[in-house]
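Peer 1: With these hints in hand, go ahead and build the complete structure from the sequences.
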Amino acid sequence: MPSMPSFLIRSVCVPKVAVLAIGIVLIAIQLVLTGFADEVDHIGMSLLFWAAIWMLLSDKQNKLNLTSNTLSIGLAAIGILWIVSNAQLPIEKGNHFVRVAPLVTGLSLGLLASGYQGLKQYRQELAILFFLGIPRVLSALFFDISPLTAKFTSLLLWYAGFDVVREGVFVILPTGSVRVYDGCSGIESMAYLLGLSVIFLIMMPVRRFWRATLPLIAVCIGFFVNSIRVALMAYLVANSTKEAFDYWHEGDGSKIFAIAAVCIFGAVCFLISRQSKTPRKSCTQRLEESLYLTEDA
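Each residue of the sequence shown is one higher than the one before, starting from 4 at the first, in the working numbering.
I should point out that these hints are in silico values taken from the structure, not numbers from a laboratory. Mixed in with the good hints there might be a few duds.
[Said to hold, decoys possible] Simulated crosslink set (PhoX-like; lysine-lysine; CA at most 25 Å straight-line):
{"#": "1", "residue 1": "Lys245", "residue 2": "Lys154"}
{"#": "2", "residue 1": "Lys96", "residue 2": "Lys245"}
{"#": "3", "residue 1": "Lys63", "residue 2": "Lys19"}
{"#": "4", "residue 1": "Lys123", "residue 2": "Lys63"}
{"#": "5", "residue 1": "Lys258", "residue 2": "Lys245"}
Because the structure is a prediction, the values reported are computed rather than measured.
Peer 2: Shown next, in the form of C-alpha coordinates:
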(Lines of atoms letter the chains of each structure in order from A and count residues from 1; the text may use other names and numbers.)
(Lines give C-alpha, C1' and ligand atoms only; values in the text may rest on other atoms or scores of the structure.)
Protein backbone atom coordinates (compact mmCIF):
# COMPACT_ATOMS: atom_id res chain seq x y z
CA MET A 1 0.00 0.00 0.00
CA PRO A 2 1.58 3.32 -1.06
CA SER A 3 2.31 5.76 1.74
CA MET A 4 1.27 9.39 1.79
CA PRO A 5 3.72 12.03 0.58
CA SER A 6 5.79 13.29 3.47
CA PHE A 7 4.68 16.91 3.06
CA LEU A 8 1.04 15.87 3.74
CA ILE A 9 1.82 14.29 7.10
CA ARG A 10 4.41 16.79 8.26
CA SER A 11 3.73 17.64 11.90
CA VAL A 12 2.44 21.14 12.61
CA CYS A 13 1.50 22.67 15.96
CA VAL A 14 -1.24 25.28 15.63
CA PRO A 15 -1.22 27.66 18.63
CA LYS A 16 -4.11 27.07 21.03
CA VAL A 17 -4.92 30.77 20.94
CA ALA A 18 -5.39 30.60 17.16
CA VAL A 19 -7.69 27.56 17.40
CA LEU A 20 -9.70 29.26 20.15
CA ALA A 21 -10.01 32.49 18.17
CA ILE A 22 -11.17 30.66 15.04
CA GLY A 23 -13.68 28.70 17.10
CA ILE A 24 -15.12 31.84 18.71
CA VAL A 25 -15.53 33.52 15.32
CA LEU A 26 -17.23 30.48 13.76
CA ILE A 27 -19.59 30.02 16.71
CA ALA A 28 -20.45 33.73 16.68
CA ILE A 29 -21.28 33.56 12.96
CA GLN A 30 -23.60 30.61 13.55
CA LEU A 31 -25.38 32.26 16.48
CA VAL A 32 -25.93 35.48 14.52
CA LEU A 33 -27.33 33.57 11.55
CA THR A 34 -29.55 31.54 13.86
CA GLY A 35 -30.92 34.77 15.29
CA PHE A 36 -31.65 36.15 11.82
CA ALA A 37 -33.41 32.86 11.03
CA ASP A 38 -35.75 33.62 13.96
CA GLU A 39 -34.81 30.46 15.83
CA VAL A 40 -34.28 31.87 19.31
CA ASP A 41 -34.77 28.47 20.96
CA HIS A 42 -31.91 27.02 18.91
CA ILE A 43 -29.63 29.84 20.10
CA GLY A 44 -30.26 28.88 23.72
CA MET A 45 -29.67 25.21 23.03
CA SER A 46 -26.49 25.99 21.07
CA LEU A 47 -25.07 28.00 23.97
CA LEU A 48 -25.89 25.16 26.37
CA PHE A 49 -24.27 22.53 24.15
CA TRP A 50 -21.12 24.61 23.58
CA ALA A 51 -20.90 25.27 27.34
CA ALA A 52 -20.98 21.52 27.96
CA ILE A 53 -18.19 21.06 25.40
CA TRP A 54 -16.12 23.79 27.06
CA MET A 55 -16.45 22.02 30.43
CA LEU A 56 -15.39 18.68 28.96
CA LEU A 57 -12.36 20.19 27.22
CA SER A 58 -11.37 22.11 30.37
CA ASP A 59 -11.28 18.87 32.36
CA LYS A 60 -8.92 17.11 29.94
CA GLN A 61 -6.94 20.00 28.44
CA ASN A 62 -3.67 18.77 29.94
CA LYS A 63 -4.13 15.29 28.44
CA LEU A 64 -4.80 16.32 24.84
CA ASN A 65 -2.32 15.68 22.05
CA LEU A 66 -2.17 19.02 20.23
CA THR A 67 -0.10 18.09 17.18
CA SER A 68 -1.67 18.36 13.73
CA ASN A 69 -0.33 17.91 10.18
CA THR A 70 -0.58 19.68 6.85
CA LEU A 71 -3.26 17.33 5.46
CA SER A 72 -5.50 17.86 8.50
CA ILE A 73 -5.02 21.62 8.34
CA GLY A 74 -6.05 21.54 4.68
CA LEU A 75 -9.21 19.57 5.53
CA ALA A 76 -9.97 21.99 8.36
CA ALA A 77 -9.57 24.91 5.97
CA ILE A 78 -12.14 23.34 3.64
CA GLY A 79 -14.62 23.05 6.51
CA ILE A 80 -14.02 26.64 7.61
CA LEU A 81 -14.39 27.95 4.06
CA TRP A 82 -17.66 26.02 3.71
CA ILE A 83 -19.04 27.70 6.82
CA VAL A 84 -17.90 31.18 5.78
CA SER A 85 -19.15 30.81 2.19
CA ASN A 86 -22.60 29.68 3.37
CA ALA A 87 -22.92 32.38 6.03
CA GLN A 88 -25.16 34.62 3.96
CA LEU A 89 -28.16 36.81 4.71
CA PRO A 90 -31.08 36.63 4.46
CA ILE A 91 -31.46 33.14 5.87
CA GLU A 92 -34.77 31.31 6.07
CA LYS A 93 -36.17 29.74 9.21
CA GLY A 94 -35.45 26.02 9.27
CA ASN A 95 -32.33 26.36 7.11
CA HIS A 96 -30.22 23.23 7.60
CA PHE A 97 -26.98 25.24 7.63
CA VAL A 98 -27.41 26.42 11.24
CA ARG A 99 -27.79 22.79 12.34
CA VAL A 100 -24.99 21.23 10.29
CA ALA A 101 -22.44 24.02 10.85
CA PRO A 102 -21.74 23.21 14.56
CA LEU A 103 -20.60 19.68 13.71
CA VAL A 104 -18.46 20.96 10.81
CA THR A 105 -17.01 23.55 13.20
CA GLY A 106 -16.14 20.88 15.76
CA LEU A 107 -14.49 18.65 13.16
CA SER A 108 -12.52 21.56 11.70
CA LEU A 109 -11.26 22.71 15.10
CA GLY A 110 -10.35 19.14 16.03
CA LEU A 111 -8.37 18.73 12.81
CA LEU A 112 -6.60 22.04 13.40
CA ALA A 113 -5.66 21.19 16.96
CA SER A 114 -4.86 17.48 16.81
CA GLY A 115 -5.04 16.21 13.22
CA TYR A 116 -7.25 13.46 11.86
CA GLN A 117 -5.55 10.87 14.07
CA GLY A 118 -6.34 12.93 17.16
CA LEU A 119 -10.07 13.30 16.49
CA LYS A 120 -10.73 10.27 18.70
CA GLN A 121 -9.81 12.49 21.66
CA TYR A 122 -12.94 14.53 20.95
CA ARG A 123 -15.47 11.72 20.59
CA GLN A 124 -17.69 13.07 23.35
CA GLU A 125 -17.60 16.65 22.12
CA LEU A 126 -18.33 15.64 18.53
CA ALA A 127 -21.21 13.45 19.71
CA ILE A 128 -22.74 16.47 21.47
CA LEU A 129 -22.40 18.59 18.33
CA PHE A 130 -23.93 15.80 16.23
CA PHE A 131 -27.04 15.72 18.40
CA LEU A 132 -27.29 19.51 18.45
CA GLY A 133 -28.64 19.61 14.91
CA ILE A 134 -28.11 16.53 12.76
CA PRO A 135 -31.14 14.51 14.01
CA ARG A 136 -33.41 17.40 13.05
CA VAL A 137 -31.89 17.54 9.57
CA LEU A 138 -32.22 13.78 9.09
CA SER A 139 -35.85 13.83 10.17
CA ALA A 140 -36.65 16.64 7.74
CA LEU A 141 -34.99 14.76 4.87
CA PHE A 142 -36.20 11.21 5.44
CA PHE A 143 -39.37 11.04 7.55
CA ASP A 144 -42.27 13.11 8.84
CA ILE A 145 -43.92 12.25 12.16
CA SER A 146 -46.84 14.65 11.64
CA PRO A 147 -49.32 11.79 10.93
CA LEU A 148 -48.20 10.01 14.11
CA THR A 149 -48.61 13.22 16.14
CA ALA A 150 -52.07 13.78 14.68
CA LYS A 151 -53.04 10.19 15.49
CA PHE A 152 -51.84 10.37 19.10
CA THR A 153 -53.44 13.80 19.59
CA SER A 154 -56.76 12.42 18.35
CA LEU A 155 -56.40 9.55 20.81
CA LEU A 156 -55.84 12.00 23.68
CA LEU A 157 -58.90 14.03 22.71
CA TRP A 158 -60.98 10.87 22.36
CA TYR A 159 -59.95 9.69 25.85
CA ALA A 160 -60.85 13.17 27.15
CA GLY A 161 -64.39 12.70 25.85
CA PHE A 162 -64.32 14.74 22.64
CA ASP A 163 -65.97 13.72 19.40
CA VAL A 164 -62.82 13.71 17.28
CA VAL A 165 -61.98 12.40 13.82
CA ARG A 166 -58.55 12.18 12.19
CA GLU A 167 -57.93 12.43 8.47
CA GLY A 168 -54.23 12.21 7.68
CA VAL A 169 -52.60 15.14 9.47
CA PHE A 170 -55.94 16.84 10.24
CA VAL A 171 -57.46 16.60 13.72
CA ILE A 172 -61.15 17.36 13.28
CA LEU A 173 -63.63 18.36 16.00
CA PRO A 174 -67.32 19.12 15.30
CA THR A 175 -66.73 22.90 15.28
CA GLY A 176 -63.18 23.19 13.97
CA SER A 177 -59.99 21.42 12.94
CA VAL A 178 -56.21 21.82 12.97
CA ARG A 179 -53.55 20.57 10.61
CA VAL A 180 -50.37 19.17 12.14
CA TYR A 181 -47.47 20.55 10.11
CA ASP A 182 -43.89 19.35 10.46
CA GLY A 183 -43.09 22.32 12.69
CA CYS A 184 -45.90 21.32 15.06
CA SER A 185 -45.14 17.60 15.03
CA GLY A 186 -42.88 17.80 18.09
CA ILE A 187 -39.74 16.70 16.27
CA GLU A 188 -37.92 19.86 17.37
CA SER A 189 -38.58 19.22 21.05
CA MET A 190 -37.76 15.55 20.66
CA ALA A 191 -34.43 16.34 18.99
CA TYR A 192 -33.45 18.85 21.68
CA LEU A 193 -34.30 16.51 24.54
CA LEU A 194 -32.40 13.72 22.78
CA GLY A 195 -29.36 16.00 22.68
CA LEU A 196 -29.78 16.87 26.36
CA SER A 197 -29.92 13.17 27.20
CA VAL A 198 -26.61 12.66 25.40
CA ILE A 199 -25.00 15.49 27.38
CA PHE A 200 -26.33 14.03 30.64
CA LEU A 201 -25.05 10.55 29.83
CA ILE A 202 -21.62 11.88 28.88
CA MET A 203 -21.21 14.04 31.97
CA MET A 204 -22.87 11.82 34.57
CA PRO A 205 -21.92 8.22 35.42
CA VAL A 206 -25.15 6.20 35.35
CA ARG A 207 -26.05 2.54 35.18
CA ARG A 208 -26.09 0.71 31.88
CA PHE A 209 -29.88 0.40 31.93
CA TRP A 210 -30.31 4.18 31.96
CA ARG A 211 -27.67 4.65 29.28
CA ALA A 212 -29.83 2.53 26.99
CA THR A 213 -33.24 3.91 27.94
CA LEU A 214 -32.76 7.61 28.75
CA PRO A 215 -32.58 8.76 25.09
CA LEU A 216 -35.85 6.91 24.42
CA ILE A 217 -37.42 8.50 27.50
CA ALA A 218 -36.31 11.94 26.28
CA VAL A 219 -37.89 11.42 22.86
CA CYS A 220 -41.14 10.15 24.42
CA ILE A 221 -41.37 13.15 26.75
CA GLY A 222 -40.94 15.57 23.87
CA PHE A 223 -43.55 13.76 21.78
CA PHE A 224 -46.11 13.46 24.60
CA VAL A 225 -45.88 17.07 25.78
CA ASN A 226 -46.16 18.37 22.22
CA SER A 227 -49.20 16.15 21.59
CA ILE A 228 -50.91 17.76 24.59
CA ARG A 229 -50.11 21.16 23.09
CA VAL A 230 -51.63 20.17 19.73
CA ALA A 231 -54.71 18.82 21.50
CA LEU A 232 -55.10 22.14 23.32
CA MET A 233 -54.84 24.05 20.05
CA ALA A 234 -57.47 21.82 18.47
CA TYR A 235 -59.76 22.52 21.40
CA LEU A 236 -59.13 26.27 21.14
CA VAL A 237 -59.90 26.31 17.42
CA ALA A 238 -63.20 24.57 18.07
CA ASN A 239 -64.26 26.45 21.20
CA SER A 240 -62.37 29.72 21.59
CA THR A 241 -61.00 32.75 19.77
CA LYS A 242 -58.20 33.13 17.26
CA GLU A 243 -56.21 35.22 19.75
CA ALA A 244 -56.08 32.34 22.22
CA PHE A 245 -55.00 29.94 19.48
CA ASP A 246 -52.23 32.28 18.31
CA TYR A 247 -50.98 32.67 21.89
CA TRP A 248 -50.53 28.93 22.36
CA HIS A 249 -49.38 28.33 18.79
CA GLU A 250 -46.75 31.00 18.19
CA GLY A 251 -46.84 33.27 21.25
CA ASP A 252 -45.46 32.88 24.75
CA GLY A 253 -47.81 29.98 25.37
CA SER A 254 -45.84 27.76 23.01
CA LYS A 255 -42.71 28.33 25.10
CA ILE A 256 -44.53 27.11 28.22
CA PHE A 257 -44.80 23.63 26.75
CA ALA A 258 -41.13 23.66 25.72
CA ILE A 259 -40.16 24.65 29.26
CA ALA A 260 -42.47 22.00 30.69
CA ALA A 261 -40.85 19.29 28.57
CA VAL A 262 -37.37 20.34 29.70
CA CYS A 263 -38.47 20.47 33.35
CA ILE A 264 -40.00 16.99 33.18
CA PHE A 265 -36.86 15.62 31.57
CA GLY A 266 -34.73 17.45 34.14
CA ALA A 267 -36.71 15.82 36.94
CA VAL A 268 -36.13 12.40 35.38
CA CYS A 269 -32.38 13.10 35.14
CA PHE A 270 -32.34 14.26 38.77
CA LEU A 271 -33.97 11.04 39.95
CA ILE A 272 -31.58 8.95 37.86
CA SER A 273 -28.55 10.81 39.21
CA ARG A 274 -29.70 10.30 42.80
CA GLN A 275 -30.23 6.61 42.17
CA SER A 276 -26.84 6.27 40.51
CA LYS A 277 -25.10 7.82 43.52
CA THR A 278 -26.40 4.98 45.70
CA PRO A 279 -23.86 2.14 45.46
CA ARG A 280 -25.41 -1.08 44.25
CA LYS A 281 -24.65 -4.02 46.52
CA SER A 282 -23.48 -7.21 44.92
CA CYS A 283 -24.98 -10.62 45.69
CA THR A 284 -21.89 -11.46 47.76
CA GLN A 285 -22.24 -8.31 49.86
CA ARG A 286 -25.92 -8.98 50.50
CA LEU A 287 -25.12 -12.59 51.47
CA GLU A 288 -22.38 -11.47 53.87
CA GLU A 289 -24.74 -8.95 55.49
CA SER A 290 -27.46 -11.58 55.93
CA LEU A 291 -24.97 -14.01 57.50
CA TYR A 292 -23.72 -11.28 59.82
CA LEU A 293 -27.25 -10.48 60.96
CA THR A 294 -27.95 -14.19 61.46
CA GLU A 295 -24.87 -14.57 63.67
CA ASP A 296 -25.90 -11.55 65.75
CA ALA A 297 -29.34 -13.06 66.25
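Peer 1: Taking only the CA atoms, is the gap from Lys258 to Lys245 under or equal to 25 Å?
Peer 2: The hint holds at about 18 Å.
Peer 1: Just to be careful, I want the Cα atoms of Lys63 and Lys19 compared with a cutoff of 25 Å; is the pair within it?
Peer 2: holds, 14 Å
Peer 1: Hint check: Lys123 vs Lys63, CA-CA at most 25 Å. Holds or violated?
Peer 2: holds, 13 Å
Peer 1: Does Lys96 pair with Lys245 here, judged by a C-alpha cut-off of 25 Å?
Peer 2: With a Cα-Cα distance of about 24 Å, the restraint between Lys96 and Lys245 holds, given a limit of 25 Å.
Peer 1: Does the structure keep Lys245 and Lys154 at a Cα separation of 25 Å or less?
Peer 2: The given pair, whose Cα atoms are some 24 Å apart, holds under the 25 Å limit.
Hint compliance for this structure: every hint is met.
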